[in-house]
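Protein chains: 2
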Amino acid sequence: MSSQPVSAPDSATAEPLTIMGAGLVGSLLSLFLARRGHQVDVYERRADMRRGGAVEGRSINLALSDRGWRALEAVGIGDEIRQVAIPMYRRVMHDVHGNLSFQPYGKDNQAIYSVSRAGLNRTLLTLAEAEPRIRLHFNQQLTSLDPRHRRLELRDTVTGQEQELAFRRLFGTDGAFSAVRSALQKTERYNYSQSYLDYGYKELNIEPGPDGEWLLEKNALHIWPRGQYMMIALPNLDGSFNCTLFFPYEGKHSFASLQTPAQVQAFFEEIFPDVVPLMPELTDEYFRNPTGSLVTIRCFPWAFDDDVLLLGDASHAIVPFYGQGMNAGFEDCTVLNELMEQLGDDWPAIFSQFQQQRKPNADAMAELAVYNFEEMRDRVGDPRFLLQKKIESKISAQYPDQWTPLYSQVTFSHTPYAEAWQSGREQEQIMSRLMSHIQTETDYDRPEVQALVAQEMAARS
Amino acid sequence: MSSQPVSAPDSATAEPLTIMGAGLVGSLLSLFLARRGHQVDVYERRADMRRGGAVEGRSINLALSDRGWRALEAVGIGDEIRQVAIPMYRRVMHDVHGNLSFQPYGKDNQAIYSVSRAGLNRTLLTLAEAEPRIRLHFNQQLTSLDPRHRRLELRDTVTGQEQELAFRRLFGTDGAFSAVRSALQKTERYNYSQSYLDYGYKELNIEPGPDGEWLLEKNALHIWPRGQYMMIALPNLDGSFNCTLFFPYEGKHSFASLQTPAQVQAFFEEIFPDVVPLMPELTDEYFRNPTGSLVTIRCFPWAFDDDVLLLGDASHAIVPFYGQGMNAGFEDCTVLNELMEQLGDDWPAIFSQFQQQRKPNADAMAELAVYNFEEMRDRVGDPRFLLQKKIESKISAQYPDQWTPLYSQVTFSHTPYAEAWQSGREQEQIMSRLMSHIQTETDYDRPEVQALVAQEMAARS
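Here the protein sequences line up with chains X and P, keeping their order.
Quick note: the first sequence, position 244, residue 244 per this note's numbering, numbers continuous.
Quick note: the second sequence, position 451, residue 451 per this note's numbering, numbers continuous.
Any given hint could be a false lead.
Because identical chains cannot be distinguished in the list, a pair is counted as satisfied if it fits within a single copy or across any two copies.
With a straight-line cut-off of 27 Å between C-alpha atoms, the simulated BS3-like cross-links for lysine-lysine are [to be verified]:
{"no.": "1", "residue 1": "Lys202", "residue 2": "Lys186"}
{"no.": "2", "residue 1": "Lys359", "residue 2": "Lys252"}
{"no.": "3", "residue 1": "Lys107", "residue 2": "Lys394"}
{"no.": "4", "residue 1": "Lys389", "residue 2": "Lys202"}
{"no.": "5", "residue 1": "Lys202", "residue 2": "Lys107"}
{"no.": "6", "residue 1": "Lys218", "residue 2": "Lys202"}
{"no.": "7", "residue 1": "Lys107", "residue 2": "Lys390"}
Hints in this document: simulated from the structure, not taken from any laboratory.
If you're wondering where the values come from, they're calculated on a predicted model, not measured in any experiment.
Please take these sequences and the hints and turn them into a complete structure.
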């Protein structure tokens, strides 16, 4: 894992910077910028999450992978986060009878890591607060932004007090419903789209065992694939699992069709029988927890001259099915840091190259995220699909220079997302040609299959 | 041309309706609704355009084709409009030396019609005003809309007076920057996109001759195709032509690169030499007229329950290159009228079927409009392309049941846009196979080419 160290430039060239939003990307970005010598003011609409209270309406845990680790290591907290992250080495699929099947995520030691969103954010905030160049301002809601004159207005959500501020350079890291982006949307010829899936999600909980032990395999991401919908579970440190049901809003099996506790109970007993005993609070949680929506946001430009720049979900919110939302936002920070390293204080070039470089990758990741939903809810329950994945890892082991599975390129590499997606589509075509000659795992070693594989690989090198 | 007559239903079932926006689609819609027995209130932000003053920022003339005619005939003003419409039977292409080439739009008598936007709108308003069931309210800006409680607020732009109104059913026909749609965009899980081309447009004028005669061929749409950009001209009744330059915002030849009258003059003399003598006001107009932008708007749903419905540009603004923006909006009225005819006062079904039926067609038309830009600015200058069009009309004449050119399906039929687009793509593939055997127009009659054509047609029937 090659990590880009953050070095402090000549502080004479460093200038004060403003960040709107102290979520995962904003707090990480503040560290990158401060360590380059900049004075950074960070404004956050919500209260300081370290003073208690959960973060409403967001997933409880996240899957951290290589792109995210690289950014955390660059600001020096890789080891600290590793202490509280749970590696998940494979998918464990649960069928309607409770039978399990398995699919490793990568090679032997490759894993994605279950981390607490709130825990990670708190750690980043504490680190930022310890940095003399960073000032954090909570309960500050952006009520107005004039990018052309570089002025913004904030309202203190506790005291109601309003203030107007001038800024020189503003980074918008205020998430999928970004107020900074809303102001850019009012500029001329702004390209924007928000696209919702017909699916929502509901968070549920699997309790720990009596001694705090994990009641499902700990080091795995669990999936209950059911064709048109699915449930997943990620492990927490306390022995519990956080489950998420991804479910249509309307239709025969849908949020609309489950209206009473008895209906929910009966549905889970029929469709997810093995988890029902592990969810004593099932019906209470189902009706207490909100139903979340799943949006993809695309926009362009991300920059307004060299004055305002969007990063993270503010510019490219995606659906959660590839576990790359946070990782993509963290990679934004890495890429921005590299450009600052190369281009010094040429901010027009930094902002321009950043958006030119990142936009196609963000678009590719948005498509990949929707693609993986189909794979997870539907294809991972199919023995032919699992066989194909096994064959693919054999090819990758035999021809490591010609073949890296798409999932590994996205998750365990820093290959730009757009390249990964292109390569993944080519590989999928090759696999569909090869799989017509393969019925079992051992078929892979048959001379005629080996010849076909060799021929395909020769065409790739 | 099969036109759906508007018949008045039992007036006991008719209910008062509200329309926001008295542009082309809103004023036409009011006629359809009133003739079905409804009391209709129409609110328009701008002043009554019949009291003088041009409509700012919109094209001066439009190409009316079969879908538009059908709707106008249904409200009984086909003949009246035909008096002031100029048929355009073909494209006339002007090359950089002023040489001309030609491409008919369809069969012998098929034409698209140049009509004045303002003139057509005025006629529709006068017709609406004569209708006892319609009340027109001008200078009424929608400042707030609550679809859930069916209330809206209007501000009189002249007196400043504000009023709050309840409505039972609201039709949003307030154009690409619809205020009605803005309110729907704030409802949950609303899908929305606005996408701009990197091109703008500039309106210019070709003067009539000394005796009011047309200085270019009157009954044609003129195109100056120049690869990455183009100019077009449509005839007006007074002998003038309205020209539109479609031009990149940035780049070597672009709005950004032409900054002085001398630069504009030199550019036109080099690139459009044959029109320069016909444009005595060229540089004045170029700097006086605004540069318009080219946006595609997509959204869904178009209906909020059975309370609010978007039609026309409010739900599907498209770029102008297929001449279908107004025609598509008028077809919305035809389709809505047919559904009212079939479904009576079952408004939930009317709204729901309307959006289900029209949305895929609006999406297809949006794609077609961008596709035709490429054809007009680039391909119509290519002799191979013109040859292909000639061959295509021969095929269509020989096999009328198997083949209707895409342009004719869009322009001279009522085939749903999505079907036309699908069929057009299939035909394009066939043409590319056939054209590899065809070098000249007479090649079409060669036995081996005839055999290939017959074979392709057999596969289509």
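The hints, checked one at a time:
no.: 1; hint: Lys202 - Lys186; result: between (33 Å within a copy, 22 Å between copies)
no.: 2; hint: Lys359 - Lys252; result: between (38 Å within a copy, 24 Å between copies)
no.: 3; hint: Lys107 - Lys394; result: within (11 Å within a copy, 61 Å between copies)
no.: 4; hint: Lys389 - Lys202; result: neither (29 Å within a copy, 55 Å between copies)
no.: 5; hint: Lys202 - Lys107; result: neither (32 Å within a copy, 59 Å between copies)
no.: 6; hint: Lys218 - Lys202; result: within (22 Å within a copy, 64 Å between copies)
no.: 7; hint: Lys107 - Lys390; result: within (11 Å within a copy, 60 Å between copies)
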